[in-house]
Amino acid sequence: MVVFAVVRIEEVDMSVRRWATTTAVVVAAGAGLRALAPAPATWAAVLADPQRVVDTAGPDALLVPVVWALAVACWAWGALGLVLTVASTGPRPVARLARTLLPLLLPAAARRAAAVAVGLSLVTAPVLTTVPAGPALAAAAAEQVTAGPVAGVPADLPSVPDWPAPAPDGGHVVVRGDCLWDIAEAWLADRDGGRPDAAAVSDAVTAWWQANAAVIGPDPDLLLPGQVLHAP
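The sequence shown begins at 6 in the working numbering and counts up by one.
Treat the hints as calculated values from the structure; they're not laboratory data.
Keep in mind the model is a prediction, meaning the values are calculated, not measured.
The beta-carbon is built from N, C-alpha and C at its ideal position, and this holds for glycine as well.
Hints may contain errors.
As the list claims (entries may be wrong) - Taking CB as the label site, the calculated pair distances span: (1) P45 with L68: 11 to 21 Å; (2) V99 with A25: 41 to 51 Å; (3) A53 with V88: 32 to 42 Å.
Between the sequences and the hints, there should be enough to build the whole structure, so can you do that?
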């Protein structure tokens with residue numbers, strides 16, 4: 006009987022220490038989340054226009070509040086589980102209700118996942134909060150973007166066309182996929198009004214290469230987009 010009493014006391018002491026440790030961890034996690042809470046101006050900017058926050062302060066400025074909110078949800082979930090677990094050892098009616106709700110609201114796998122999520126958020130949030138998002142987010146919430154020229158950039162920048170320059174009369178501007186054979190064949194067809202034979206095209210290829218040797222170089226099969234070729 007004495008041995009049983011000693012074992013029982015040791016079990017109670019172990020349970021007390023376990024609950025004290027768990028409570029301390031939950032309280033410490035809550036304090037850490039409170040210390041890492043985004044500023045009210047940050048929440049105002051994120052809730053008002055998330056896209057503007059990303060454009061002005063970068064995606065990290067939006068990620069920090071989202072991660073923090075998820076961590077708080079996981080922490081609240083874990084705190085609820087702790088309260089229900091403590092209540093399950095209380096008076097019989099309260100204990101019965103707590104034991105019924107605990108596996109429904111907080112399955113064991115979910116409690117482990119929530120603990121991992123809170124731990125990851127406490128580790129990654131200080132790194133993310135090193136981004137100077139506070140002033141940028143406050144400015145994003147307080148200011149409105151006005152259309153107009155950007156300072157330091159000339160308003161009359163010349164437009165750059167994305168198409169090749171016009172070819173000279175009787176010439177050709179090389180585009181991707183061109184070869185001298187196709188160029189010479191099309192040139193003969195336009196000039197003579199019919200489909201040329203292979204011998205005529207071969208002679209025309211030689212003529213085009215000789216007329217544009219300075220542009221094409223020693224390899225007639227190597228044409229670069231943008232080269233301007235003149236008809237022979």
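Evaluated hints:
1. Between P45 and L68, the C-beta spacing of about 18 Å keeps the proposed range 11 to 21 Å intact.
2. A hinted range of 41 to 51 Å is violated for the C-beta pair V99 and A25, which are about 21 Å apart.
3. In this structure the supplied range 32 to 42 Å holds for A53 paired with V88, their Cβ-Cβ distance being about 35 Å.
Against the hints set out earlier in the document, a violation occurs for number 2 only.
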